[in-house]
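Fit chain B to the given chain A structure using the hints.
Spelled out from the first residue to the last, the chains are:
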Amino acid sequence: MQAINQPRSGFHLFRYSSPPEFYRLAGKAVPAFAALAALLALAGLYLGFFVAPTDAQQGEAYRIMFVHVPAAWMAMFVYVVMAFWAALGLVFNTRISAIMASALAPTGALMAFLSLWTGALWGRPAWGTYWDWDARMTSTLILLFLYMGFMALHSAIDDSRRADRAAGVLALVGVVNVPIIYFSVQWWNSLHQGSSISLGRAPTIAAPMLAAMLVMALAFWMYCIAAALTRARAIVLERERGSEWVRALAGERA
Amino acid sequence: MNWGSWHEFLNMGGYGRYVWGAYGVVAIAVAIEIAGLRARLARARRSSIGGRARRNAASAP
Numbered sequence: 000m001q002a003i004n005q006p007r008s009g010f011h012l013f014r015y016s017s018p019p020e021f022y023r024l025a026g027k028a029v030p031a032f033a034a035l036a037a038l039l040a041l042a043g044l045y046l047g048f049f050v051a052p053t054d055a056q057q058g059e060a061y062r063i064m065f066v067h068v069p070a071a072w073m074a075m076f077v078y079v080v081m082a083f084w085a086a087l088g089l090v091f092n093t094r095i096s097a098i099m100a101s102a103l104a105p106t107g108a109l110m111a112f113l114s115l116w117t118g119a120l121w122g123r124p125a126w127g128t129y130w131d132w133d134a135r136m137t138s139t140l141i142l143l144f145l146y147m148g149f150m151a152l153h154s155a156i157d158d159s160r161r162a163d164r165a166a167g168v169l170a171l172v173g174v175v176n177v178p179i180i181y182f183s184v185q186w187w188n189s190l191h192q193g194s195s196i197s198l199g200r201a202p203t204i205a206a207p208m209l210a211a212m213l214v215m216a217l218a219f220w221m222y223c224i225a226a227a228l229t230r231a232r233a234i235v236l237e238r239e240r241g242s243e244w245v246r247a248l249a250g251e252r253a
Numbered sequence: 000m001n002w003g004s005w006h007e008f009l010n011m012g013g014y015g016r017y018v019w020g021a022y023g024v025v026a027i028a029v030a031i032e033i034a035g036l037r038a039r040l041a042r043a044r045r046s047s048i049g050g051r052a053r054r055n056a057a058s059a060p
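Taken in order, these protein sequences are the chains called A and B.
Just so you know, we're using numbering that gives the first Met the number 0 here: the first sequence kicks off at 0 and counts up by one.
Just so you know, we're using numbering that gives the first Met the number 0 here: the second sequence kicks off at 0 and counts up by one.
One or more of the hints may lead you astray.
A few chain A residues that face chain B, going by a derived Cβ cut-off under 8 Å, partial list only [what the hints assert, rightly or not]: (1) Thr53; (2) Glu59; (3) Ile63; (4) Val66; (5) Leu89; (6) Arg123; (7) Arg232; (8) Glu237; (9) Val245; (10) Leu248; (11) Ala249.
Hint data in this document are derived by calculation from the structure and do not stem from the laboratory.
No residue lacks a Cβ here, since even glycine has one placed at the ideal position from N, Cα and C.
So that you can see chain A by itself, here it is in the shape it has in the complex (with noise of 0.2 Å):
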């Protein structure tokens, strides 16, 4: 009883797992990040398009590289933490956990969608086609249909503790995905290009590129972050409609 009488005493890392806590604060943080995003995209368009020159040997038609990698590597960097989340709330069966990993769901869809979208845009005029059953596009296609299949799980399940229960469960299992991914193009023959960045070996791509993708790749990651902790914020009122802290704060509102 000691500790609950306590709450706000010392390092209290759960404080931020309560409803109205969580909703407040990510209220104050949902500006700060779409307001970076808008930022940081600007900044990155002018760049990709003002800035880096010409490609020798693609022309333009590269320049679908400033939204085509980025929205790769944040439908995989969603899902690694989608499953993070689901994880904890497996574990510790905290609600806010849960409610994260629904929330970033559909962004990670979104931008596995996008991903694909812009490759294939890109992929006609680098390399005739816009679609080839290889283990880069295969493996992105299955973490499209991964995000809507936990998405399709969650909502069949009306009771939500056991929806995010089995929908936590597939969003692990899937994780093995993600380096598979991420792998593909060294594991097997690809028509896909390999990463022309990566740790411990410099960019093969000029410098004002490097500069645009990355800008932009800082755009989509503050995006996502405002996207998903607004969805968590809908989700929460959602789910907590009717108790308390809900009531008081229509209250405060009316």
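Showing chain B alone in chain A's frame:
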């Protein structure tokens, strides 16, 4: 500066439909997600307020 005119910019060295097809769909998709999120949050807020109003009405003498 890479472009001498608007036409050159939009033409993208002959790859205009690929480049703008990619960027256009990214912009549309992000706009749709933002609009959907705003609507969902507003709906969740309204229904929490609506729930309160209904309860107040029900408990009124």
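Each hint tested on the structure:
no.	hint	verdict
1	Thr53	holds (6 Å)
2	Glu59	holds (4 Å)
3	Ile63	holds (5 Å)
4	Val66	holds (5 Å)
5	Leu89	violated (25 Å)
6	Arg123	holds (6 Å)
7	Arg232	holds (6 Å)
8	Glu237	holds (5 Å)
9	Val245	holds (5 Å)
10	Leu248	holds (7 Å)
11	Ala249	holds (4 Å)
Consistency with the previously given hints fails for number 5 only.
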